[in-house]
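Listed below are the residues making up each chain.
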Amino acid sequence: MKAKKLMELVSQFLDADSKTQQEEIKSIRKVLKELKGKELKLRAKLAEKTHSDPEDAEAIKLKLDVIYAQRRKGVMKVFTLKRKSVTNKNTDKVDD
Amino acid sequence: MLRRFTLPLVMLLLAYVLWVGSEFMELALGVAFFIFGMICLEDGFKTFAGGALEALLQRSTDRLWKSLTLGITSTTLMQSSTLVSLITISFVSSEMISLAAGIGIILGANIGTSTGAWLIAGLGLKVDIASYAMPILVFGVLLLMQKSKRVKGLGNLILGVGFLFFGIHFMKEGFTVFQLGFDLSAYSMTGIYGVLVFTLIGTLITFIMQSSHATLLIVIAALAAGQVSYENALALSIGASLGSAISAVIAGFAANLGGKRLAAAQVVFSLVTSLLAILLINPLIQLVDWMSGYLSIGSEDYLLKLALFQTLFRVLGALVFMPFISQVEALLIKVLRFVPKSIEQPIYIYPEVLETPSTVVVAVRKEVQHLFDNAFGLLARGLSLKRSTLESEESLSTAVKTTKRIFPLDVEDAYEEKIKSLHSEIVAFISEAQMRESTREATEELYVLRQASRDIVSAVKGMKHLHNNLSRYGLSANLAVRDRYDQIRLDLARLLRELQVLLAEEPSSTTALSLDSLRLAVQKASRTMTDELDEMIRYRRLTASIATSIMNDENYVTGIANNLISAVNALLTREVDETAEAFNLDEADIQQLMNKEVDSPLESLKS
Numbered sequence: 001m002k003a004k005k006l007m008e009l010v011s012q013f014l015d016a017d018s019k020t021q022q023e024e025i026k027s028i029r030k031v032l033k034e035l036k037g038k039e040l041k042l043r044a045k046l047a048e049k050t051h052s053d054p055e056d057a058e059a060i061k062l063k064l065d066v067i068y069a070q071r072r073k074g075v076m077k078v079f080t081l082k083r084k085s086v087t088n089k090n091t092d093k094v095d096d
Numbered sequence: 001m002l003r004r005f006t007l008p009l010v011m012l013l014l015a016y017v018l019w020v021g022s023e024f025m026e027l028a029l030g031v032a033f034f035i036f037g038m039i040c041l042e043d044g045f046k047t048f049a050g051g052a053l054e055a056l057l058q059r060s061t062d063r064l065w066k067s068l069t070l071g072i073t074s075t076t077l078m079q080s081s082t083l084v085s086l087i088t089i090s091f092v093s094s095e096m097i098s099l100a101a102g103i104g105i106i107l108g109a110n111i112g113t114s115t116g117a118w119l120i121a122g123l124g125l126k127v128d129i130a131s132y133a134m135p136i137l138v139f140g141v142l143l144l145m146q147k148s149k150r151v152k153g154l155g156n157l158i159l160g161v162g163f164l165f166f167g168i169h170f171m172k173e174g175f176t177v178f179q180l181g182f183d184l185s186a187y188s189m190t191g192i193y194g195v196l197v198f199t200l201i202g203t204l205i206t207f208i209m210q211s212s213h214a215t216l217l218i219v220i221a222a223l224a225a226g227q228v229s230y231e232n233a234l235a236l237s238i239g240a241s242l243g244s245a246i247s248a249v250i251a252g253f254a255a256n257l258g259g260k261r262l263a264a265a266q267v268v269f270s271l272v273t274s275l276l277a278i279l280l281i282n283p284l285i286q287l288v289d290w291m292s293g294y295l296s297i298g299s300e301d302y303l304l305k306l307a308l309f310q311t312l313f314r315v316l317g318a319l320v321f322m323p324f325i326s327q328v329e330a331l332l333i334k335v336l337r338f339v340p341k342s343i344e345q346p347i348y349i350y351p352e353v354l355e356t357p358s359t360v361v362v363a364v365r366k367e368v369q370h371l372f373d374n375a376f377g378l379l380a381r382g383l384s385l386k387r388s389t390l391e392s393e394e395s396l397s398t399a400v401k402t403t404k405r406i407f408p409l410d411v412e413d414a415y416e417e418k419i420k421s422l423h424s425e426i427v428a429f430i431s432e433a434q435m436r437e438s439t440r441e442a443t444e445e446l447y448v449l450r451q452a453s454r455d456i457v458s459a460v461k462g463m464k465h466l467h468n469n470l471s472r473y474g475l476s477a478n479l480a481v482r483d484r485y486d487q488i489r490l491d492l493a494r495l496l497r498e499l500q501v502l503l504a505e506e507p508s509s510t511t512a513l514s515l516d517s518l519r520l521a522v523q524k525a526s527r528t529m530t531d532e533l534d535e536m537i538r539y540r541r542l543t544a545s546i547a548t549s550i551m552n553d554e555n556y557v558t559g560i561a562n563n564l565i566s567a568v569n570a571l572l573t574r575e576v577d578e579t580a581e582a583f584n585l586d587e588a589d590i591q592q593l594m595n596k597e598v599d600s601p602l603e604s605l606k607s
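Just so you know, the protein sequences line up as chains A and B, in that order. Letter by letter, the first sequence follows residues 1 to 96 of our numbering. Letter by letter, the second sequence follows residues 1 to 607 of our numbering.
Check the hints yourself; a few may be wrong.
What the hints assert, rightly or not - Partial list, derived from the structure: chain B residues whose beta carbon lies under 10 Å from chain A:
| # | residue |
| --- | --- |
| 1 | S395 |
| 2 | Y415 |
| 3 | R494 |
| 4 | S508 |
| 5 | S514 |
| 6 | S517 |
| 7 | L518 |
| 8 | L520 |
| 9 | K524 |
| 10 | S526 |
| 11 | T548 |
| 12 | M551 |
| 13 | N552 |
| 14 | I590 |
| 15 | L593 |
To be verified - In silico BS3-like links for lysine-lysine, alpha-carbon gap of 25 Å or less:
| # | chain 1 | residue 1 | chain 2 | residue 2 |
| --- | --- | --- | --- | --- |
| 16 | B | K334 | A | K49 |
| 17 | B | K464 | A | K49 |
| 18 | B | K524 | A | K41 |
Read the hints as simulated data drawn from the structure, not as lab findings. C-beta atoms are modelled at their ideal positions from N, C-alpha and C, and glycine is treated no differently.
All chains, please: the whole structure from these sequences, using the hints.
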């Protein structure tokens, strides 16, 4: 193993912050997936209710709006964390 | 079933009697005027209630003699022991005066009732009071037509006096006419059987007319016309006292705990007084004869002697009863209480659970959920919807639209039984747990759960206010009003259903996130309702006063909804979930969604 690669692995191991960030991204992705699942279920329900019960359909649309907004927040958080992670790596490289 | 047919039957019978025997006409008119006069007086005094009357009641009941005097004077002035009893019941119920003070007032009111007999016997049948009644009525109607509530109240009082006078006059005339056709005195009975039979008749008349005052008037008028013997008239007047006890029992059924206790005291007192009067009727008659000599009442003046008898046996009853008031109070408090079985007992919190911080948190969480479940049932009933409807998948809008009646519900009693007791247990348990060794996380969670319990209590209290207006306007004939209340009920019912589904779900990271959509729905519903009401006021489809009532109720609903959402949020959030926090919508996000400024759908996410 080249010395440079070895140094990188050691750095990752020692960099707890980066590890936490990865874990956070992972758990956010999990929630995003759950929300996506919920969204799909609601979409199916919406298709059923659009004609039979317009008021219920309205309520479902509102829930969908909220899920969109929540997912957007989640995605933004993932972007922020990733950007932070990349910035950290670049800083490390420059330091090298 | 029987109740439904009672009124038509009584009316048919009365119509037949009036048709067959025109002699009864004036007599019946007299009774009708007298009772109407009492209703006017009650209405008139109610206008002034909330001010001087209440202040007087509160100030004048710290001693027994004061309560007694107050009962006597207020009943003498108002000529209605019913009104005095009702106000006293409301004061005892709200714990503004003690039960003992309430009993004192009731005793006084009972003595005060006999002043009516003095008025009728001493003045009513000797002076031509109908000539006074006419101008009184004219002024009464004039005042009644004014806009000011107080002037209207005064008008009612004056009208009441006028109709009382007219009632007395027609009764007197009625018995004079009656005398020409019938002679009831032929049915007079002597001895103990006479006393018992006529006491029973007096009780029945009072029960039917719901007024011992009106019975006394009939008895005095009949006595004046020679239709009943003096002894039988005395027994009838004892019956009037006993009859008012039956009225008290009926009132007690509908009243809350304070009212029930006071009604029970009234029943005991009336029974004791009547029993004493029956047992001691002969000594009392002798006492009346003896005292009549001192009071310059002629030996043949049976009307005033009857009034004196009334006062004497009622005072005697009060004198016998008074030394035992505190014992009666203690007994009633002991015997009449919220049935322990119906008081909600905690299921999950008990001393053994206090051993470890984690079991404490789990138990308290479950108990708060139990509290929420109770509140759910109570709120569903408050919305006049069956719990089973909310728990099923039935269409809520259909259930709301097809509502035929608003469920009667004493929210205060239900709150005491199902909510307050449990909340108190939870708070006490948490305090006990906090005195023991605990972790920071457990302490934090207990704090949140206590707040959740408080939120549930606040939600139920909100229903207390909402239910009042729902009972009045919920099924209004005005469609615009009914629609608004239907919407209010539907919004809250939907929320309750959603919250229960969320609590029943297997908890996941997104369960608590669902509450954001409920928060948004609440805010949207509130804004829509306000906009609709504004428009309705603008186009005069609703009066501003009704619109503001609906706005207030909408406010209660928003409060109830927010409290419930907060409580469920606390129940769903097991620990501080930082991941979920990344998704939670804050106030600004919700406002954005309200204004539809959020880009929908998120195309970027689909990719």
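Hint by hint, here is what the structure shows:
Because the beta carbon of B/S395 sits about 7 Å from the nearest beta carbon in chain A, less than 10 Å, this interface hint is met. This hint is violated: B/Y415 has a C-beta 30 Å from the nearest C-beta of chain A, more than the 10 Å allowed. Using the Cβ-Cβ criterion of 10 Å, the hint placing B/R494 at the interface with chain A is satisfied: the shortest such distance is roughly 7 Å. For B/S508, the interface hint holds, the least distance from its beta-carbon to any beta-carbon of chain A being 6 Å, beneath 10 Å.
Residue-level restraint check for B/S514 holds (minimum Cβ-Cβ distance to chain A is 8 Å; threshold 10 Å). Using the Cβ-Cβ criterion of 10 Å, the hint placing B/S517 at the interface with chain A is satisfied: the shortest such distance is roughly 4 Å. The closest approach between the C-beta of B/L518 and any C-beta of chain A is roughly 9 Å, which is under the 10 Å cut-off, so the hint is satisfied. Taking 10 Å as the C-beta cut-off, the interface hint given for B/L520 holds, the closest approach to chain A being about 6 Å.
Look at B/K524: its Cβ gets to within about 7 Å of chain A, closer than 10 Å, so that hint holds up. At its closest, the beta carbon of B/S526 sits 14 Å from a beta carbon of chain A; the interface hint therefore is violated under the 10 Å criterion. The interface hint given for B/T548 is violated, since its Cβ lies 26 Å from the closest Cβ of chain A, which is over the 10 Å cut-off. A hinted interface residue such as B/M551 counts as satisfied when its beta carbon comes closer than 10 Å to some beta carbon of chain A; here the least separation is about 22 Å, so the hint is violated.
Look at B/N552: its Cβ only gets to about 25 Å from chain A, farther than 10 Å, so that hint breaks. With a cut of 10 Å, the hint placing B/I590 at the interface with chain A holds, because the nearest CB-to-CB distance is about 9 Å. At a threshold of 10 Å, the smallest CB-CB gap from B/L593 to chain A is about 6 Å, leaving the interface hint in force. Between B/K334 and A/K49 the CA atoms are separated by roughly 57 Å; this puts the pair beyond 25 Å, and the hint is violated.
Distance check on the hinted pair: B/K464 and A/K49 sit about 34 Å apart at the alpha-carbon level, beyond 25 Å; violated. Between B/K524 and A/K41 the CA atoms are separated by roughly 23 Å; this keeps the pair inside 25 Å, and the hint holds.
Hints 2, 10, 11, 12, 13, 16, 17, counting from the list given before, are not met by this structure.
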